[in-house]
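**Q** Using the sequences and the hints, build the whole thing.
Oh and the sequence shown: position 66 is 66 in the numbering used here, straight run, nothing missing.
For the record, the hints were derived by calculation from the structure and aren't laboratory data. A couple of the hints might just be wrong.
Derived DSS-like pairs (lysine-lysine); straight-line CA-CA distance at most 30 Å [what the hints assert, rightly or not]:
id	residue 1	residue 2
1	211	187
2	152	81
3	152	190
4	190	22
5	162	211
6	211	153
7	22	153
8	88	152
9	162	22
10	162	81
11	211	190
12	190	153
13	24	211
14	152	162
15	24	190
16	187	153
17	187	152
18	153	24
Per label pair, the in silico range of CB-to-CB distance [as the list claims (entries may be wrong)]:
id	residue 1	residue 2	range
19	155	197	41 to 47 Å
20	22	57	28 to 34 Å
21	209	90	44 to 50 Å
22	90	197	48 to 54 Å
23	207	115	23 to 29 Å
24	115	171	24 to 30 Å
Positions of the beta carbon are idealized from the N, C-alpha and C atoms, including for glycine.
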Amino acid sequence: MRAFVVGNGPSLDAFQLGMIHKNKEVSFGVNRIHLIYPQTVWRPTYWVIMDFSNSLFYREDIALHSALGYECHVRNDILAKYLEWCIKHKNLPFMDNLRILERCNHIDSERRTSEGWHEPLCQMGGSVPAAIQMAVEMGHNPIYLIGMDGDKKGNAENNFIKGYIDPDAVMVNTARVANETTELALKIAKRECSERNVELIDATVGGSAYKALPEVDFYELFD
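**A** Set out below in structure tokens:
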């Protein structure tokens with residue numbers, strides 16, 4: 001069964017998600033994807049958070065997603081902080097939907113760089129590469145990516161909605177490293193998928209600045 005991994009780039013919109021919902025596709029949402037929920041009935045089959053870039057909002061984000069009933073896969077140290085906060089405030093809602101993502105020691109293209117997939121899931125590149133590895137381990141094939149525009153800019157909006165994160169929090173060098181790390185993580189994912197006879201294809205509407213993967217027209221997937 002095929003699956004969609006949904007990135008949060010500026011090309012993502014409610015119409016694309018509506019098509020995924022209408023066709024009852026398996027999908028993986030990541031990070032602050034819920035900011036598009038007011039525009040669509042779509043909800044992911046699984047939610048993944050391997051990034052800690054939104055430290056101001058992670059508690060609210062986890063609480064929101066876990067309350068919606070789908071599986072929420074949360075990096076172990078982030079989940080530990082969330083549970084500590086819940087216990088402190090004597091509030092432990094919707095624990096049954098939470099799953100632990102054990103973190104590894106890999107970071108990015110410049111620090112402790114990964115050379116391949118491993119167990120536990122590789123955290124290099126963040127939530128989308130982790131979701132790809134999860135989808136493969138669950139047996140999905142082919143796997144399509146959307147909302148993976150790439151070419152992130154420093155001090156700029158890089159997501160589907162203004163205010164996704166504070167644009168001034170993303171420095172020029174941070175954006176450069178993020179782009180390089182994602183490109184590398186996608187190259188690794190392509191190789192790992194090929195070794196397992198899994199097709200990994202970028203269906204980002206308008207195309208992607210990342211060039212690690214073959215591309216396909218998103219709308220042609222629903223003819």
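**Q** Does the structure break any of the earlier hints, and which numbers would those be?
**A** Of the numbered hints given earlier, those the structure breaks are 7, 8 and 18, listed in rising order.
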